[in-house]
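Chains as they are written, first to last, in numbering that gives the first Met the number 0: chain A, 0 to 209; chain B, 0 to 263.
Simulated from the structure, these hints should not be mistaken for laboratory data. Do not rely on the hints blindly, as some may be mistaken.
A partial selection of chain B residues facing chain A, derived with a Cβ cut-off under 10 Å [as the list claims (entries may be wrong)]: (1) 11; (2) 18; (3) 22; (4) 56; (5) 57; (6) 60; (7) 95; (8) 107; (9) 114; (10) 117; (11) 166.
Residues from chain A that keep clear of chain B, each with C-beta distances beyond 12 Å, as calculated [stated by the list, open to error]: (12) 38; (13) 62; (14) 89; (15) 141; (16) 143; (17) 169.
Where is the CB? At the ideal position from N, CA and C, for every residue including glycine.
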Amino acid sequence: MTITRGVKSALESMMFIWGDLLSVNDAAQILNITKAETVSAFEELKEEYEKEKRGLRLRRVEDSYQFVTPIENADYIERLCRPVKKRRLSQSALEVLAIIAYRQPVTRGEIDQVRGIRSDRVVDGLIKKKLIEEKGRSEGVGRPILYGTTANFLKTFGYASLAELPAISDFAEDPDTEVEAAALYEDGVMTNQISFAEVAEGNTSGKEKA
Amino acid sequence: MAYKVILDNFEGPFDLLVYLIENARMSIYDIRVAEITEQYMAYMEVMEQADAAVSSDFLVLAAELIDLKSKMLLPRLHTEGEDDFKEDPRRDLVERILEYKQFKAVSQMLAEREARFRYVLEKPREDILAYTASPKEELIADDAQFVRAFHRFLQRRKRLGEIRRRYESSERKRITAEARRAFILRLFQEKPGRHLSFEDLVEDKDDAYDVALSFSSLMEMIRERKLSAVQAVPFGTIDVTAGEEIRTEGEDDHDDHTRREVRA
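With the rest of the complex left out, here is chain A (with noise of 0.2 Å):
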C-alpha cells in the first residue's frame, strides 16, 4: 500500500490551515480513502519530519495529528512574538490531576479521599484550564458527577493517548523498602508487636496530651 505524494502534501495542507487538531476520520472523508491509509500517511509524514529534524513535527492526539514545533525552537518563537505564557500547575492541582488521570472516571469525593483534604477549588480550577471534564455521573447516592482527563491534558504533559501514560505501579514504594516491608508481614499481619515499655510510653504522653 503506497500511499500517494498527493496524499501527504495534502495532509500537509491541511494541517497547515487548519491549526488544531485534524481527525483521521475528517481526513480520510476529505481524501477519499480509507482511515488505515490515512494513519499511514500521518504516520509516514511524522517520521519523516522527524528524521529531517525539521522546524515542524507532527503531534499525535489520540485519533488526530498537528502541526506542532519542537522544543529546540521555542525560544526563536518566543522572541518571535511572545507567545501567551501558561502558568504552571500548582502541587495541588497536579496531585488532582494525577488521581484523576488514572482513577478516571472519579469523583469529587473519591479525589478527596486519596488526598485526605477537600479538593473543590483546584478541580474547579482544572475544568477552567480544561485538564478535566465531567464525564456523566457515578450511580451512588446523590449522584454526583464523574470527572476525567481531556485532550487538552494529553497536550499539556505530552501524551497521545492516555494508554501513554505510565503504568500505577511505577509509582510505587521502592523496591528495596518493599522486600524489607514484606518481611514484617506475614500474611497480612504484622509479626512485630508493641513491646509494653512502648504500650507504657504512648500511655503517658496520652494522659499528657489530653
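Once you've looked at the hints, dock chain B against the given chain A.
Positioned in the frame of chain A, the structure of chain B alone reads:
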C-alpha cells in the same frame, strides 16, 4: 523535641504525616503511632500559633491518629480455634498513606513532563472565513431609510447611556434603609401634626429603588406604630401622619425579630 519551623505549607494532612514519618526515619510499615501522633499534634499547634489556618481536614486525620493510638493500646483479641489472625489496626492508614505517596510521585512526574512539553507549541485554529463561501452582503436602502435607521441607532444608544448612568449613580449613592427611616421619622418628629403624602417621603421619585425603599420603610414604621397611613381610594394618595409611638426609641427600632419575641 525541637521542631524545625517549616515555611512551606503542606498540601494536606497526608503530606504532613508522610513528612513526619520520613523525618523520624520510621518505616511506613511499622509506624510508631503514639510518637507520630504526638508530633502531628505538636505541629498543628505550631501552625495555629503561626496563624496558619489549620483546615478541618487536618483535624480529621488528627482524630483518626488518636483513635488509632488507642486501638494500638488495646490487647489484640483472638478466639480459640480460629486462625491466629490479628488485624493490625494500622493497616488501613498505611494503605492510604501508600496510595497518597503513589499519587504524589505521579504528580512529580507530571510536573517534569509539563515543564518539558510546554515548549511544544501549536497554532490555534485559524479563522478561515476568508476561505469559506460567504454570500456578499450588500446594503440596499435609500437615503431616507438609512438616515432613519441611523437615527434609531443613536436614540437607542442615548437610552442605554441614560440607563447605565442612572444605574451607576444609584449604585454609588445607595441609600440605606436606616438613612431613609431616619429621614422620614425626622419629618414627623419635627412637626408631629403634619400630613404628608407618600410622594413627599420619596427623595427621588424617578428612582425605582428609592420609591421601593421608602415604601418598605413606611410599612415597617406603620407596623411599629410610629407612623399612620390612610389611602382613601385604591391607587389614591397615601396620607401619612405620625403614629402613637413616634417618639419612642428603643430596641424596636431595629428589625430584630428575635428580640421582639423575647419582649413579647
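Hints, one by one, checked against the model:
no.	hint	verdict
1	11	holds (3 Å)
2	18	violated (13 Å)
3	22	violated (16 Å)
4	56	holds (4 Å)
5	57	holds (8 Å)
6	60	holds (6 Å)
7	95	holds (7 Å)
8	107	holds (8 Å)
9	114	holds (8 Å)
10	117	holds (6 Å)
11	166	violated (29 Å)
12	38	holds (20 Å)
13	62	holds (17 Å)
14	89	violated (9 Å)
15	141	holds (20 Å)
16	143	holds (19 Å)
17	169	violated (8 Å)
Of the hints listed earlier, those the structure fails to meet are numbers 2, 3, 11, 14, 17, in rising order.
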